[in-house]
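These protein sequences, in sequence, are chains A and B. Once you know that position 26 of the first sequence is 31 in my numbering, the rest is easy, because the numbers rise by one and skip nothing. Once you know that position 184 of the second sequence is 427 in my numbering, the rest is easy, because the numbers rise by one and skip nothing.
The hints are simulated quantities; they were obtained by calculation from the structure and are not laboratory data. Among these hints, one or two may not hold up.
To be verified - Cβ-Cβ distance ranges computed for the label pairs, FRET-style: (1) B:Arg269 x A:Gln155: 21 to 29 Å; (2) A:Lys114 x B:Ser372: 36 to 44 Å; (3) A:Glu39 x B:Thr381: 52 to 60 Å; (4) B:Asp409 x A:Lys55: 53 to 61 Å; (5) B:Asp266 x A:Asn80: 48 to 56 Å; (6) B:Gly358 x A:Thr115: 37 to 45 Å; (7) A:Gln151 x B:Thr377: 18 to 26 Å; (8) A:Glu152 x B:Thr377: 23 to 31 Å; (9) B:Asn291 x A:Lys55: 28 to 36 Å; (10) A:Gly179 x B:Cys260: 49 to 57 Å; (11) A:Gln61 x B:Met336: 21 to 29 Å; (12) B:Gln270 x A:Thr115: 37 to 45 Å; (13) A:Ile59 x B:Asn304: 48 to 56 Å; (14) B:Met336 x A:Ile49: 45 to 53 Å.
This structure is a prediction, so every number in the text was calculated from the model and none was measured. For glycine and all other residues, C-beta sits at the position ideal for the given N, C-alpha and C.
What follows is the residue order along each chain.
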Amino acid sequence: MLAGCSATTIVVDGSYPSPLVRKLPLTIGVYYPEELRNFAYTEIDDNSGKDQYIVQSGTSQLELFNTVLPALFENVVMLDSLENANSENGIDAVFVPEIAEFQLGLPQKTKLKVYEIWMKYNMKLSKANGDYIADWVMTAYGKSPQENLQSVDSGVQGAAVVAMRDLAASLTFGFTTVPEVNEWLKANNYVTE
Amino acid sequence: MYKLMLVLLAVTALSGCTTTEIDEFRQGTTSLNVGESIVILGRRQNNNYETEGNFVECVANVVGGGNDGITVVPEQEFLDAMFPFFEPRTAPMRTTHLKQLMEIDQAKERLAQYGIEYIVWLDGLTQRSQQAGTISCTIGPGGGGCFGFGTWQDDSNFEAEVWDLDTLESVGSISTDAVGQSYMPALVVPIPLIARVEANACSGLGNQLKQFIAGKG
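The following block holds chain B by itself, in its conformation from the complex (with noise of 0.2 Å):
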């Protein structure tokens, strides 16, 4: 008992061992009335990654989320409704390119009928460095079971910048940057002691979104 204890204990220090930075930077006031609402989209138009769906969702559930959630359109719901004005080809990469979409009478009734007061694209990824070690696995009639060890880092870095739709502007943004170093010993059985990188990337960057939108932050 007493040894589960320890396992136990050692596992969730170690799992726990992720920092977060977060920044911000804000160039303008914001607030949000009752019936309005954000969209948050993932950039995709860099050649080498794309921001993933699964992280711009969960910054949405964040931001979402709680006794001061704030009403989030659905990424997919979004692209869909506005198709085909926000395809990686077609999306605004500036602001000035928001201001010639606010020109065309169909896009801008959309994003009215949505109530969209902001749109935050979310912009970066998660990159694996530092893998080392090596866990061998072997099989046999009486059994089988893993020895060795491995280890590697998870770096993710993801920026939100804020466009305001009434004044067509960038109103500010906010980056995270979060390392953690994961660790796989094996003896018989692979013991995951994953470092929450990305998760706690979305969660850090989620609130502070939700602060800065409600002016806040």
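Isolated chain A, as found in the complex (with noise of 0.2 Å):
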């Protein structure tokens, strides 16, 4: 009767593999915000007005950045606070992923079928003593088909891990292209073009 009334909690859970490219010759510290860590979505029922769902992503996404960013960059230095970056040595640039925005759609509301996910972040690179160098907005984009039989956290699980991976394409081969971070990087000859 009241696992009837309250909303279903889906973890996502997911691995990710490391992407295949050469590595820029650079130290970055790295904060994951509160917001980040322990980032969930609730979707409303749009009946009743309750929670229906709620997909907890945290986890999932900070995996995803540990295994994206060390295959990135030369150097990777996990922070506890922004604060600690300037004290750490030899740190070349800061960067902070923010997410701003989670969306989900259900097979049963967009009569669509398919499981969708799109997720928008706010990301940030700054100088180890706190100087603006870019601050660039990603997004990611993933979908499952629905099959018979199949649960929703089994849809909505497949959708959040094909956005993840989305997430880490677009940061591995958008990073460098982000105007402000490609000047930055010329300007300090860890790149080249």
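Can you join these two chains into the complex? Each is in its own frame, and there are hints to help.
Right, dumping it as structure tokens:
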């Protein structure tokens, strides 16, 4: 009886491959804000107005960044707080990923035969002393086809993993093409083009 | 006993009503040497559908099966090994993109490690139409049962395009169109008489693809 009234919690659980790219010769400090670490999205039931699904993806997002960043940069230093960045030796820049939006498309609502997830991030890159380098938006999209006798949990998991991989692909190929980042990399001779 | 045999015969006859048509278009020669392999990938760029992983796996099993089976690298293993070059957003859509990809040392080396000679892109879906009839089921203290009749048509349309990693050109394509009508009569118990449309499309396409890559098709 109680189970029928409470929201279903879906914990996104995925493992991600390391990108096959040449590393940039940088030591990057990485700080994960509390909102990202514990990120959870709540889908509201249109009819009752109550919580229907809670999608917890914070742990999975951290796992993704922890896999992708060491493949992109020669050294990655995890930071407990942004204040610690300046005291850590040799940090060239500090990277902070922030999740800004999360949308879930369920087949029962969209009438499409796919589960969809769309995410928007604000990525920030600054010098170790906190000076601004770049601030840019990245989006990620994932979909997973609805199958017979499939649970909502499995459909959402599938779409979330595709969306996370999409984010990793965008970050891998897009990092050096962000104009301010590219300008900074060239100015410091980390890249030539 | 006689009635049971009649029912079984009817089931066999009705469940087999699928028509499969296969077309092949060859643009170049193909062959595979010992130690060389292929990979079969599903296209997932379309907004309205994506090629099902189960279908891709089914075709890979057909191509890799039998005495004349070809070595097929599993799709997920390949996608992970080549990450992020073959994700929906980044995968090469045309052979000109493949040429650009092969200019990246890491990608070229990884493809060589797997000994991949051909990339096969599968694109398509199975659509259901012409659904008709109703089945109603009831249950009570004395038991339950269903009564009615349902029918529907499945149409599987898939195309496989083969890219040669030596010439970096498309060497041809194979398309399959399988159509079948399924029936579900219910007299106390529903009896599903399912047309194996997607399975027939898979085996037809897989066998033709195997012949094509071996240079026999």
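Index of numbered hints that the structure contradicts, given in increasing order: 1, 2, 11, 13 and 14
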